[in-house]
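Peer 1: Here the protein sequences line up with chains G and B, keeping their order.
The letter at position 102 of the first sequence is residue 102 when you use this note's numbering, and the numbering goes up by one with no holes.
Each position in the second sequence, counted from 1, maps to that position plus 1000 in this note's numbering.
Careful, some of the hints might be misleading.
[Said to hold, decoys possible] Chain G residues, not near chain B, derived (Cβ > 12 Å throughout): (1) 4; (2) 16; (3) 74; (4) 83; (5) 99; (6) 103.
[Unchecked claim] Taking CB as the label site, the calculated pair distances span: (7) B:1005 <-> G:41: 17 to 27 Å; (8) B:1022 <-> G:70: 33 to 43 Å; (9) B:1083 <-> G:31: 35 to 45 Å; (10) G:13 <-> B:1014: 42 to 52 Å; (11) B:1083 <-> G:71: 39 to 49 Å; (12) B:1044 <-> G:30: 38 to 48 Å; (13) G:71 <-> B:1067: 23 to 33 Å; (14) B:1014 <-> G:57: 45 to 55 Å; (15) G:13 <-> B:1077: 37 to 47 Å.
Derived from the structure by calculation, the hints contain no laboratory data.
Glycine included, every Cβ here is placed at the ideal spot set by N, Cα and C.
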Amino acid sequence: AQKVTQAQTEISVVEKEDVTLDCVYETRDTTYYLFWYKQPPSGELVFLIRRNSFDEQNEISGRYSWNFQKSTSSFNFTITASQVVDSAVYFCALSGLNDYKLSFGAGTTVTVRA
Amino acid sequence: NAGVTQTPKFQVLKTGQSMTLQCAQDMNHEYMSWYRQDPGMGLRLIHYSVGAGITDQGEVPNGYNVSRSTTEDFPLRLLSAAPSQTSVYFCASSYSHPLAGGRIGELFFGEGSRLTVL
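Full structure from sequences and hints, please.
Peer 2: Next up, the structure:
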């Protein structure tokens, strides 16, 4: 069975602060994918990143960065210099390499105040 | 670019009524799925399909039926609506062919359908 835990329910920050979202996962698979999705107030879900279990390199995309640590089963997400437009619910998710069935965490609501 | 289209966006039902949520995608994705989103529970998989004629159950399939007669369409049927089915429903599709490379497994979501069962 697969399980994704996002322990932080809500995070509130002031604009320009950094914010880190925690994601811990459980799986019996030796190979798997990890994902982050964003759900802004408008409601649609937007893909942010996919990481496979072979690749533990950290990734940076603009103000977003991801830290994958297989040893601790974590895939944390950091927003640097947050902006009001970053306010959203962020979901971490996990799938097998060949089954595409994503298991989602409960989500973390990020509120960025001006 | 239509992507994934869900209808209706909003629906109110009475307990016991049946209805179908429609989902269509124009990206020739083999994989399609239905999720429900409830507060504090994230998204939970209801049913999924890996291609036309093939469907399977997800985590919370009870009370729902699906079929996949074409690659494009994946309707979700509520057989006898119950208040516990009040939720926001999302249809999603993804590339599943190995040639999709770096996009494999990336889900494309519809805008969601908000269902209230009284």
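Peer 1: Determine for every hint whether it applies to the structure shown.
Peer 2: Hint by hint, here is what the structure shows:
1. Distance check on residue 4 of chain G: its Cβ comes as close as 8 Å (rounded) to a Cβ of chain B, failing to clear the 12 Å threshold; non-interface status is violated.
2. Consistency note on residue 16 of chain G: stated as away from chain B, and its beta-carbon is indeed over 12 Å from all of that chain's, at 29 Å minimum.
3. Non-interface status of residue 74 of chain G relative to chain B is upheld: no Cβ of that chain comes within 12 Å, the nearest being about 17 Å off.
4. A cut-off of 12 Å between C-beta atoms confirms that residue 83 of chain G is not in contact with chain B; the least separation is 23 Å.
5. Against chain B, the non-interface label of residue 99 of chain G is violated: not every CB pair exceeds 12 Å, the least being about 9 Å.
6. Some Cβ of chain B comes within 12 Å of the Cβ of residue 103 of chain G; the nearest lies about 8 Å off, and the non-interface call is violated.
7. Between residue 1005 of chain B and residue 41 of chain G the beta carbon distance is about 21 Å. The supplied range of 17 to 27 Å therefore holds.
8. Between residue 1022 of chain B and residue 70 of chain G the beta carbons are some 41 Å apart, a value that agrees with the proposed interval 33 to 43 Å.
9. Distance hint for residue 1083 of chain B and residue 31 of chain G: a CB-CB separation of about 40 Å, consistent with the stated range 35 to 45 Å.
10. The supplied range of 42 to 52 Å is met by residue 13 of chain G and residue 1014 of chain B, whose beta-carbon atoms lie about 43 Å from each other.
11. The hinted window of 39 to 49 Å between residue 1083 of chain B and residue 71 of chain G holds, with their beta carbons roughly 44 Å apart.
12. Range check, residue 1044 of chain B to residue 30 of chain G: about 25 Å between beta-carbon atoms, so the 38 to 48 Å window is missed.
13. Range check, residue 71 of chain G to residue 1067 of chain B: about 44 Å between beta-carbon atoms, so the 23 to 33 Å window is missed.
14. About 53 Å separates the C-beta atoms of residue 1014 of chain B and residue 57 of chain G, a value consistent with the hinted range of 45 to 55 Å.
15. Between residue 13 of chain G and residue 1077 of chain B the beta carbons are some 43 Å apart, a value that agrees with the proposed interval 37 to 47 Å.
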